[in-house]
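Participant: This is what each chain is made of:
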Amino acid sequence: MLYFVGQVFPYIAAGVFLAGMAWRVWTWLRVPTPFPLTLSPASRTLTERAITFGKELALFRGLWAGDRGLWLAAWLMHVSLAMVIGGHIVGIATLGNEFTAIGLTSEHSQALSGVMATVSGLILLVALLVLLYRRTAIPEVKRLSDPADYFDLLLILSVVVSGMHMRLTSIEVDIAAIRTYMAGIMSFQPIPIPNEGIFISHFFLVNLLLIYFPFSKLVHLAGSIVNRAMLIAPPPVYPSATNMRSNSIQSNVQMWRGGNQQ
Amino acid sequence: MSMLDINGRQIEIDEDGFIVDPASWNEDIVSYFAKQEDVSELTENHWKVINYLRQYFQQFGIAPMIRKLCKDTGFTLKEIYELFPSGPAKGACKLAGLPKPTGCV
Amino acid sequence: MKPPMHVAKDSEVALIGYPRIPEQDQQAAFLKKLDDLRVSMRSLMVMLENCTKCGNCAKQCHSYLGTEDYNNFPAARAELMRRIYKRYFTWTGRTFGRFFGAEDFDADTISKWLTYFYQCNECRRCAKFCPFGIDTAEVTIAARHILSEIGIMPKFMQGIAVNMNKTGNNMGIPKPAIIDCAEFMEDEMREETGLAIKIPIDKPNSEVLYIPSSADFFTNIDTMIGAAKLFHYLGVNWTIPSTVLEAANFGLLFNVNVMREQNQRLKAAATALGAKLVIQGECGHGWRAAKMYTDGCSGPVSFELVHILDYCDKHLDKLPLKKLPLRATLHDPCNYARAGEIIEQPRRIMRACVEEFVEMTPNRDENYCCGGGSGILMDEMMEIRMKLGKKKAEQVKALGRIDYLAMPCSICKAQIPAVMKHYGVLDLPMGGVMDLVGKAMLLGDTK
Numbered sequence: 001m002l003y004f005v006g007q008v009f010p011y012i013a014a015g016v017f018l019a020g021m022a023w024r025v026w027t028w029l030r031v032p033t034p035f036p037l038t039l040s041p042a043s044r045t046l047t048e049r050a051i052t053f054g055k056e057l058a059l060f061r062g063l064w065a066g067d068r069g070l071w072l073a074a075w076l077m078h079v080s081l082a083m084v085i086g087g088h089i090v091g092i093a094t095l096g097n098e099f100t101a102i103g104l105t106s107e108h109s110q111a112l113s114g115v116m117a118t119v120s121g122l123i124l125l126v127a128l129l130v131l132l133y134r135r136t137a138i139p140e141v142k143r144l145s146d147p148a149d150y151f152d153l154l155l156i157l158s159v160v161v162s163g164m165h166m167r168l169t170s171i172e173v174d175i176a177a178i179r180t181y182m183a184g185i186m187s188f189q190p191i192p193i194p195n196e197g198i199f200i201s202h203f204f205l206v207n208l209l210l211i212y213f214p215f216s217k218l219v220h221l222a223g224s225i226v227n228r229a230m231l232i233a234p235p236p237v238y239p240s241a242t243n244m245r246s247n248s249i250q251s252n253v254q255m256w257r258g259g260n261q262q
Numbered sequence: 263m264s265m266l267d268i269n270g271r272q273i274e275i276d277e278d279g280f281i282v283d284p285a286s287w288n289e290d291i292v293s294y295f296a297k298q299e300d301v302s303e304l305t306e307n308h309w310k311v312i313n314y315l316r317q318y319f320q321q322f323g324i325a326p327m328i329r330k331l332c333k334d335t336g337f338t339l340k341e342i343y344e345l346f347p348s349g350p351a352k353g354a355c356k357l358a359g360l361p362k363p364t365g366c367v
Numbered sequence: 368m369k370p371p372m373h374v375a376k377d378s379e380v381a382l383i384g385y386p387r388i389p390e391q392d393q394q395a396a397f398l399k400k401l402d403d404l405r406v407s408m409r410s411l412m413v414m415l416e417n418c419t420k421c422g423n424c425a426k427q428c429h430s431y432l433g434t435e436d437y438n439n440f441p442a443a444r445a446e447l448m449r450r451i452y453k454r455y456f457t458w459t460g461r462t463f464g465r466f467f468g469a470e471d472f473d474a475d476t477i478s479k480w481l482t483y484f485y486q487c488n489e490c491r492r493c494a495k496f497c498p499f500g501i502d503t504a505e506v507t508i509a510a511r512h513i514l515s516e517i518g519i520m521p522k523f524m525q526g527i528a529v530n531m532n533k534t535g536n537n538m539g540i541p542k543p544a545i546i547d548c549a550e551f552m553e554d555e556m557r558e559e560t561g562l563a564i565k566i567p568i569d570k571p572n573s574e575v576l577y578i579p580s581s582a583d584f585f586t587n588i589d590t591m592i593g594a595a596k597l598f599h600y601l602g603v604n605w606t607i608p609s610t611v612l613e614a615a616n617f618g619l620l621f622n623v624n625v626m627r628e629q630n631q632r633l634k635a636a637a638t639a640l641g642a643k644l645v646i647q648g649e650c651g652h653g654w655r656a657a658k659m660y661t662d663g664c665s666g667p668v669s670f671e672l673v674h675i676l677d678y679c680d681k682h683l684d685k686l687p688l689k690k691l692p693l694r695a696t697l698h699d700p701c702n703y704a705r706a707g708e709i710i711e712q713p714r715r716i717m718r719a720c721v722e723e724f725v726e727m728t729p730n731r732d733e734n735y736c737c738g739g740g741s742g743i744l745m746d747e748m749m750e751i752r753m754k755l756g757k758k759k760a761e762q763v764k765a766l767g768r769i770d771y772l773a774m775p776c777s778i779c780k781a782q783i784p785a786v787m788k789h790y791g792v793l794d795l796p797m798g799g800v801m802d803l804v805g806k807a808m809l810l811g812d813t814k
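Protein chains in written order, with the numbering used here: chain A, 1 to 262; chain B, 263 to 367; chain C, 368 to 814.
Only chain A is shown next, with the shape it has when bound in the complex (with noise of 0.2 angstroms):
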């Protein structure tokens, strides 16, 4: 059973994130944009496009701009686990040696990299919290709740307490074993998983998240910047001297009468 958890689980639960994913956007992608949705006014240069999708996507200009309670728990929830995803990354890669190359010691850089990871972690469990009442509490919000919303907030949720238990609580946990454990995932050379229970039911929980991921309102991850991409279109000029129709892979569906020739 630990086998399969530690050595085949992650495996199967990476190629289902990525596949997934990827089916997803190509769902999308392959079905034509017949007419362009530029939603005024338009960006018209390239960098001024580049701005837009940077407002819209970095910073939620859309939710600063119409509630800034929302605003505040869903910025600061995806920003904190931007950091805390970023920070496993890190940490993996160069364990004890987070920061020496801006000239802390190892010592100094581990402190750095756990005060950092606690607060990242903090942060994203306050805010996770917060947007879960929210949603129980706010009445259009609860109505338009489906129990997927709920089991959404409340996996993540487990996939941050465990970590953060592992963090906060007095509970010796192995770092360097979980390290070289995780050097084998990547490198495709699986070794064991070390026998710590609160370890092994984050990393499970990590797996059960990536295979959810795709197949639930978390696909926004590649969907809003597909959505995006279609606002900021640039509009027609005219005179038209080409058919500037549709941008898909597979464009010879139609909308009206005559067409959806598949």
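Errors might be hidden in some of the hints.
What the hints assert, rightly or not - With a cut-off of at most 30 angstroms between alpha-carbon atoms, the simulated DSS-like pairs for lysine-lysine come out as follows: (1) B:K352 <-> C:K399; (2) C:K570 <-> B:K333; (3) C:K369 <-> B:K297; (4) C:K788 <-> B:K340; (5) C:K522 <-> B:K352; (6) C:K757 <-> B:K352; (7) A:K217 <-> C:K643; (8) C:K522 <-> C:K479; (9) C:K565 <-> C:K420; (10) C:K533 <-> C:K376; (11) B:K333 <-> C:K788; (12) C:K399 <-> A:K217; (13) C:K690 <-> B:K333; (14) B:K310 <-> C:K542; (15) C:K369 <-> C:K788; (16) C:K420 <-> A:K55; (17) C:K565 <-> C:K542; (18) C:K533 <-> C:K690; (19) C:K689 <-> B:K362; (20) C:K689 <-> B:K333; (21) C:K565 <-> C:K685; (22) C:K643 <-> C:K565; (23) C:K565 <-> C:K533; (24) C:K376 <-> B:K340; (25) A:K55 <-> A:K142; (26) B:K362 <-> B:K352; (27) C:K814 <-> B:K333; (28) B:K340 <-> B:K362; (29) B:K362 <-> C:K542; (30) B:K340 <-> C:K685; (31) A:K217 <-> C:K376; (32) C:K420 <-> C:K400; (33) C:K533 <-> B:K297; (34) B:K352 <-> B:K310.
To be verified - Here are the computed distance ranges between Cβ atoms for each label pair: (35) C:E435 <-> B:L266: 32 to 42 angstroms; (36) A:W26 <-> C:D402: 14 to 24 angstroms; (37) A:L59 <-> C:T813: 24 to 34 angstroms; (38) A:R68 <-> C:P541: 54 to 64 angstroms; (39) C:E435 <-> A:R68: 22 to 32 angstroms.
Treat the hints as calculated values from the structure; they're not laboratory data. It should be emphasised that the depicted structure is a prediction, and the values quoted were computed from it without experimental measurement. Glycine is no exception: its CB is placed at the ideal position from the N, C-alpha and C atoms.
With the hints as your guide, set chains B and C onto chain A.
Facilitator: This is chains B and C only, laid out in the frame that chain A set:
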């Protein structure tokens, strides 16, 4: 669509209460609709507007421009609303047996 | 659930080529149409699959704020389609049903769609506030298209389609009436200015084609007069095609095939005339349809396409304008500000035409819809229409005393006066922006 019995004649009207076939219009219809449209008494002024509308419609197949209606009948728009509370398009045209003007009006 | 509008009857929809599918076959046909759209309209799939149910759109939608009906809040409105889409077109919806928010098509589905997708004004304001840009207008366009394809549509839309087929304009104005109307407006202008300003209909060898809203030939004639004076002063060689006396394209508002037909009519008229420039008049959704949908509907075109406010703005410095003593404000038609790139042009024009221009709040691309958008002008829906216009009334009232409300779109011109009257804003002159140009322009005897 429903059928109205107006003084013994069966007249077909649509969901907005306008007569379906302009050719089925007669003066009894005007009195009937007048009650519906809060027109207490059909005066000479009412008939002036109604007859103008009918004549224009017979010639051009559509209701006349509102400003032209005002100019040619000599009434201001305010006066037309006083005669026909629902206005020239929804009130006067109904009594005159024209189809209801549709589109962005 | 009884939809709040007159629904076109079997004979009526058959007349325009959209026969009503018999009730027992409706579900299958409905799902087939949804399937067709799913694979031909990327926005639909992406927007149905990525909503994270954050609810930010609720406070931004005038329809929800005005009607206080849960199904009118953008994400909830989209759910009417999303739930069915998930149930029949996603493996997670098929397998796990309610868990992922999937729901079966049932006896109420069609009437709920008819009720609520005709309470969305397709104004796109929700897309401004959604973190991803989910555009409920896209879902509404798709929903209305599906319904009309199985022969279910408001009588209002059917009536307009009949007129479009018969005469090429929404009001059903036949050519002799068009000419009579043009002559009347020419007389009015001659009386006012002493000049013989023409409104040429079907004039051959014209370089510029002007496409007014048909309402400009019925109630909003000051808009037409403003445009005619502009062209006269600039010495433009222009004409109006009697076959397409319609800037509007109601197909965008209920059926994509109808939209294509109307757009192709426009291209044909312009091509037949050999026009170099096509100028669209004051119509909101019609401008969006022409500007954004022409390529998809009719392929490449050899003419330049601009809006009358674009054109007027470009030539503004040349015009002999004397500012009118008015304190005026501008209502931004949704399809200009959020879908048509017409934001600053009407403002520049108004500043040149009136002494005091004031902005309502919010404005530009965050302005509220008038409540009539996407053709929600049915008389029988008046109560709902007034609720949809509630935010607009609040905005205008907040400005205190104003002398003119500019609303450069025919649907707005039909909806806003009723809204203002309903909310107690009386004696407020309202009209288009070109109306102001016409009134401010010093020509002939008005100098």
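Participant: Which constraints among the numbered hints does this structure fail? Numbers only, ascending.
Facilitator: Numbers 1, 7, 9, 18, 19, 24, 30, 31, 33 and 37 - these are the hints that the structure violates, sorted from lowest upward.
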